[in-house]
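Undergrad: The whole structure should be built from the sequences, with the hints applied where relevant.
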Amino acid sequence: MCSGPWLDRWLPLIAQREIASPVLEIGCGFGDDTLTLIRAGVKVMAFDLSPECVAIAQQRAPEAQIECRDTRGPWPEAVNNLELVLASLSLHYFPWDETRNIVHRIWSSLRPGALFLCRLNSIEDVNFGAGQGELIEANFYRDQDNCKRFFDQASVDLS
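For the sequence shown, my numbering gives the first residue as 62, with consecutive numbering after it.
Since the hints were derived computationally from the structure, they do not count as laboratory data.
All figures in this text were calculated on a predicted structure; none of them were measured in a lab.
Glycine residues also receive a C-beta, built at the ideal position from the N, C-alpha and C atoms.
Mixed in with the good hints, there may be bad ones.
What the hints assert, rightly or not - What follows is a set of in silico ranges between Cβ atoms, one per label pair, in the way DEER data are often shown:
hint	residue 1	residue 2	range
1	S111	G174	27 to 35 Å
2	R121	I184	28 to 36 Å
3	E138	N188	37 to 45 Å
4	R100	D218	15 to 23 Å
5	D69	P156	28 to 36 Å
6	S169	A76	23 to 31 Å
7	D69	F189	18 to 26 Å
8	N141	V187	32 to 40 Å
9	Q120	D158	30 to 38 Å
10	P156	N188	20 to 28 Å
11	N141	L196	32 to 40 Å
12	S216	S169	15 to 23 Å
13	D131	D213	19 to 27 Å
14	L196	Q120	24 to 32 Å
TA: Listed below in structure tokens is the structure:
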């Protein structure tokens, strides 16, 4: 997973909000963003589909509650009335209907005025495979190993 300091720019906003409830991190991978949030003093509840990634993330961030869980399946009961949900490069593996369902669940889990921070692959990300592989549906491709969605402005426009 490509992590890097992308989350650092959001830390002042997160700190300013004095978030009391755990942050839900969807698709935590090896726990890079989990660690960034913990170091910022935030409680983290995270899940990832990969048992291998979860095991590594649990070792790296034992303070966090990290589970192996499919984003499309049942979510923990504690996932409601959240102040922040984070999804970094974890929403692009699904057909459009499933992606919309996941985003709807995220919105339903947020309290009014909460934050949803996500990082997505753009249709212009040719270095990350945009437009490459077998076209399954609009902006959704299959390569040798995975399926991957690339987002355009219309697919993220909430107005």
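Undergrad: All the hints need checking, so say for each whether the structure fits it.
TA: Each hint tested on the structure:
1. Checking the proposed 27 to 35 Å range against S111 and G174 shows it holds: the Cβ atoms sit about 32 Å from each other.
2. Hint check: R121 to I184, Cβ distance near 33 Å, so the stated range 28 to 36 Å holds.
3. Between E138 and N188 the CB atoms are about 40 Å apart, so this pair conforms to the stated range of 37 to 45 Å.
4. In this structure, R100 and D218 break the distance hint of 15 to 23 Å, their C-beta atoms being roughly 33 Å apart.
5. At about 32 Å, the beta-carbon gap between D69 and P156 stays in the expected band of 28 to 36 Å.
6. Separated by about 26 Å at the C-beta atoms, S169 and A76 satisfy the suggested range of 23 to 31 Å.
7. One distance hint, 18 to 26 Å for the beta-carbon pair D69 and F189, holds here, with the actual separation near 21 Å.
8. Separation of N141 from V187 is about 39 Å and conforms to the stated range, judged on CB atoms against 32 to 40 Å.
9. In this structure, Q120 and D158 meet the distance hint of 30 to 38 Å, their C-beta atoms being roughly 35 Å apart.
10. For P156 and N188, the hinted distance range of 20 to 28 Å is satisfied, since their beta carbons lie about 24 Å from each other.
11. Range check, N141 to L196: Cβ separation about 37 Å, and the 32 to 40 Å hint holds.
12. At roughly 19 Å, the beta carbons of S216 and S169 sit within the given window of 15 to 23 Å.
13. The supplied range of 19 to 27 Å is met by D131 and D213, whose beta-carbon atoms lie about 26 Å from each other.
14. Checked against the given bound of 24 to 32 Å, the beta carbons of L196 and Q120, roughly 39 Å apart, lie outside it.
In this structure, the earlier hints numbered 4 and 14 are contradicted, and the remaining ones agree with it.
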